[in-house]
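Visitor: If you read the sequences in order, they're chains F and B. Just remember that this note's numbering sits 56 ahead of the position in the first sequence, which is counted from 1. Just remember that this note's numbering sits 56 ahead of the position in the second sequence, which is counted from 1.
Hints are all accurate, no fakes.
The list treats identical chains as interchangeable, and a pair is accepted whether it falls inside one copy or across any two copies.
DSBU-like mimics (lysine-lysine), calculated; alpha carbons at most 30 Å apart, straight line: (1) K264 to K139; (2) K101 to K225; (3) K139 to K200; (4) K83 to K196; (5) K103 to K264; (6) K251 to K168.
Since the hints were made in silico from the structure, they are not lab data. The model shown is predicted, which means the values in this text are computed figures rather than measured ones.
Residue-level listing of the chains:
There are 2 protein chains.
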Amino acid sequence: MNCELISIGDEILVGQIVNTNASTMSKMLNSIGCWVSRIIVVGDKPKEIEDAINESLNRVSIVLTTGGLGPTNDDITRTILCKIFDSSLRFDNSTYEHIEQIFTKRGTNVNKLNKDQAMVPEKAIILDNALGTAPGFLFKTNGKILIAMPGVPFEMEHLMQTHVLKIIKVQFTLPEIHHRTLIVQGTYESLLAEKLSDYEINLPADIKLAYLPSPGLIRLRLTYRPPLGLSSTDLIDHAFSNLKSILRDNMVSDIDEPVSAAIGRILTASGKTLGTAESCTGGYISSQITMQPGASHYFKGSIIAYDNTIKTSILGVPEDLLKSYGAVSTQVVEAMATGALSIINCDYAIATSGIAGPDGGTIDKPVGTVCIAIASKSKVISQQTVFTSRRDVNIQRATNAAFYMLFNELRNQ
Amino acid sequence: MNCELISIGDEILVGQIVNTNASTMSKMLNSIGCWVSRIIVVGDKPKEIEDAINESLNRVSIVLTTGGLGPTNDDITRTILCKIFDSSLRFDNSTYEHIEQIFTKRGTNVNKLNKDQAMVPEKAIILDNALGTAPGFLFKTNGKILIAMPGVPFEMEHLMQTHVLKIIKVQFTLPEIHHRTLIVQGTYESLLAEKLSDYEINLPADIKLAYLPSPGLIRLRLTYRPPLGLSSTDLIDHAFSNLKSILRDNMVSDIDEPVSAAIGRILTASGKTLGTAESCTGGYISSQITMQPGASHYFKGSIIAYDNTIKTSILGVPEDLLKSYGAVSTQVVEAMATGALSIINCDYAIATSGIAGPDGGTIDKPVGTVCIAIASKSKVISQQTVFTSRRDVNIQRATNAAFYMLFNELRNQ
Chain F
57 MNCELISIGD EILVGQIVNT NASTMSKMLN SIGCWVSRII VVGDKPKEIE
107 DAINESLNRV SIVLTTGGLG PTNDDITRTI LCKIFDSSLR FDNSTYEHIE
157 QIFTKRGTNV NKLNKDQAMV PEKAIILDNA LGTAPGFLFK TNGKILIAMP
207 GVPFEMEHLM QTHVLKIIKV QFTLPEIHHR TLIVQGTYES LLAEKLSDYE
257 INLPADIKLA YLPSPGLIRL RLTYRPPLGL SSTDLIDHAF SNLKSILRDN
307 MVSDIDEPVS AAIGRILTAS GKTLGTAESC TGGYISSQIT MQPGASHYFK
357 GSIIAYDNTI KTSILGVPED LLKSYGAVST QVVEAMATGA LSIINCDYAI
407 ATSGIAGPDG GTIDKPVGTV CIAIASKSKV ISQQTVFTSR RDVNIQRATN
457 AAFYMLFNEL RNQ
Chain B
57 MNCELISIGD EILVGQIVNT NASTMSKMLN SIGCWVSRII VVGDKPKEIE
107 DAINESLNRV SIVLTTGGLG PTNDDITRTI LCKIFDSSLR FDNSTYEHIE
157 QIFTKRGTNV NKLNKDQAMV PEKAIILDNA LGTAPGFLFK TNGKILIAMP
207 GVPFEMEHLM QTHVLKIIKV QFTLPEIHHR TLIVQGTYES LLAEKLSDYE
257 INLPADIKLA YLPSPGLIRL RLTYRPPLGL SSTDLIDHAF SNLKSILRDN
307 MVSDIDEPVS AAIGRILTAS GKTLGTAESC TGGYISSQIT MQPGASHYFK
357 GSIIAYDNTI KTSILGVPED LLKSYGAVST QVVEAMATGA LSIINCDYAI
407 ATSGIAGPDG GTIDKPVGTV CIAIASKSKV ISQQTVFTSR RDVNIQRATN
457 AAFYMLFNEL RNQ
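Please build the complete structure, drawing on both the sequences and the hints.
Guide: As structure tokens, this is what we get:
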């Protein structure tokens with residue numbers, strides 16, 4: 057039972073926003089056994105929207121669109137839907153009352169553009185949207201369904217959760233889809249594939265292995281799509297446990313999660329605490345850690361020592377060290393890490409200093425040079441690496457490298 | 057001269073990764089006047105890839121694919137391309153030498169899977185990829201072109217930069233595409249549209265206005281696609297300047313940039329410095345500021361006081377205040393902000409404290425409650441807000457709210 061997603065809006069086609077809606081929806085659909093076979097993005101042109109919807113309805117039974125339902129002139133999805141489903145518009149009282157409520161709360165009156173949002177296709181079933189002024193629309197045609205939702209991410213998620221997943225489950229008999237993800241480090245995709253060639257050949261036909269490399273780590277995903285009606289995860293659990301035993305030495309996590317979450321689990325289990333002293337990463341490490349729910353159980357805080365005066369005044373890095381070796385040196389990050397350990401009063405501290413770019417590089421220390429230290433009460437380790445990307449990627453890579461260093465320390469405790 | 061992008065890989069369809077490649081490519085293509093009319097994502101199934109490519113080649117003159125060129129079994133794009141273009145594979149010596157070099161640098165030998173990556177379609181022009189083992193492929197057919205690139209984002213960007221944009225510019229006569237973006241706050245999409253209804257009616261036919269709302273701010277984009285051969289931005293510059301004068305009071309920036317960049321420009325111009333004292337935002341504010349190139353000119357550092365002990369020991373928040381009002385209070389964030397001003401020795405300080413969720417809420421202070429303060433040498437202001445999303449969105453909204461508070465202070469100086 058395949059589904060296609062159509063995202064509508066020039067803002068995606070010109071690269072102004074990234075299509076996060078599609079991945080959110082895919083994850084939610086997979087969780088109920090609905091496979092997304094294609095994602096399409098089209099702009100705000102009537103013919104392009106109409107063609108895309110008709111093509112999708114020809115290919116699959118479930119079509120979900122997002123975008124183009126707002127109150128402004130560039131929002132034309134409703135009109136196209138009326139054309140496709142040969143429908144006219146009617147005034148919907150309960151939609152209007154909901155819009156009125158929203159504007160009363162905001163302390164203003166409903167204007168004509170918002171009142172128009174209560175005009176809905178007469179052939180659509182209205183899916184009320186508690187979080188916004190644009191409701192969703194459900195159309196049924198020849199055993200197939202099309203659901204149109206607004207493009208604002210949290211409104212779309214709300215409609216998916218309250219209406220769409222339920223409608224799909226009621227209307228269709230769905231198989232199951234199971235994913236298992238193993239995160240590994242310290243190897244290359246091709247070496248991994250070589251190591252796994254026998255494993256892959258012997259995988260059951262319903263299980264597929266996929267490789268997803270990213271700077272510094274590789275995610276291996278097993279996807280199991282059993283025949284309709286079969287409800288057991290034994291086959292994929294067995295295959296996954298084999299995979300883990302083959303790759304035990306490289307394994308970072310057997311959950312598809314950020315490395316910061318894996319670190320959080322280890323720290324929570326051991327009752328240890330963490331702090332950071334960041335220069336070039338500028339708080340990115342700290343923010344990745346604190347994005348994890350429950351971070352307050354193990355994360356105490358950070359000193360973001362962007363300016364060298366903070367390195368000396370708060371972290372207590374000796375001026376001599378800065379003068380002799382420069383701020384970007386293993387000596388200085390080690391001093392930052394031990395300083396953080398003491399002033400933050402934590403069990404482990406990560407410290408970074410580097411040249412993120414685009415400016416500030418020298419011949420000795422080009423843009424991308426990053427020093428990282430990990431301190432615990434018993435030891436301090438450090439490394440110097442040169443990343444070769446642009447500013448944001450250098451910061452992300454330095455953060456990943458720091459997480460792996462800490463992860464390995466924690467694992468070896 | 058339209059272009060379609062095809063992203064290949066189950067990892068996007070199952071929602072494991074977000075399709076950032078498409079938006080990066082769209083931006084680059086727009087900059088040379090090449091309009092992306094559709095983005096398609098298909099999985100790792102031969103028939104689905106083949107259909108998508110053939111359909112795109114029927115619709116447009118330029119088709120760019122990413123993904124499926126790696127060394128593993130789930131990488132099948134090369135095979136499909138050979139089928140579509142009726143081509144066989146040949147061994148390419150210079151590709152092989154490049155692969156060998158990469159592995160020599162890594163200190164390992166080329167294995168069979170990587171050697172296979174030197175097998176290239178004989179009908180393709182090879183686009184060498186300095187950053188990875190998989191080269192790009194260019195096919196020409198009936199005046200149209202198809203270019204296949206690897207899916208690793210920085211390798212794709214490298215190929216776009218060194219080969220693809222040049223090839224498109226040489227092969228096709230391109231019109232110009234100009235975008236202007238105005239970022240506004242303190243209003244609603246429908247109010248804005250009402251205010252702009254006359255403006256919109258009077259826009260020249262080649263200029264289109266689009267609305268892009270997000271929590272707390274709205275981006276208005278003008279897109280100008282002049283007739284082929286016309287090379288003047290007068291029309292859009294004039295329209296943009298009218299738009300700015302209508303919306304002067306709500307304007308945050310007339311560049312499509314993060315608010316942190318607008319703040320950076322103001323601080324750089326005034327020679328003032330900034331620091332933060334963050335609890336619930338956990339370094340996210342600091343990391344958004346330091347993602348901007350040149351941040352070291354105005355950003356001095358942060359105290360991430362996640363644990364209350366850091367609030368008292370480093371920021372000097374009186375214990376009494378924490379006891380009387382709780383960590384999430386305007387009183388405490390004001391003390392955090394003035395503490396940061398002094399210990400970081402900066403001209404402006406942002407402070408945050410709140411309950412990001414999912415746990416930790418109370419009846420008085422539910423999940424999403426966030427207090428924000430801005431301190432300067434002459435005054436301290438604060439506000440308490442309740443956001444109602446999940447953890448990561450609450451953190452992002454608190455960060456945006458803090459940026460607007462600071463932005464308004466800076467503008468009123």
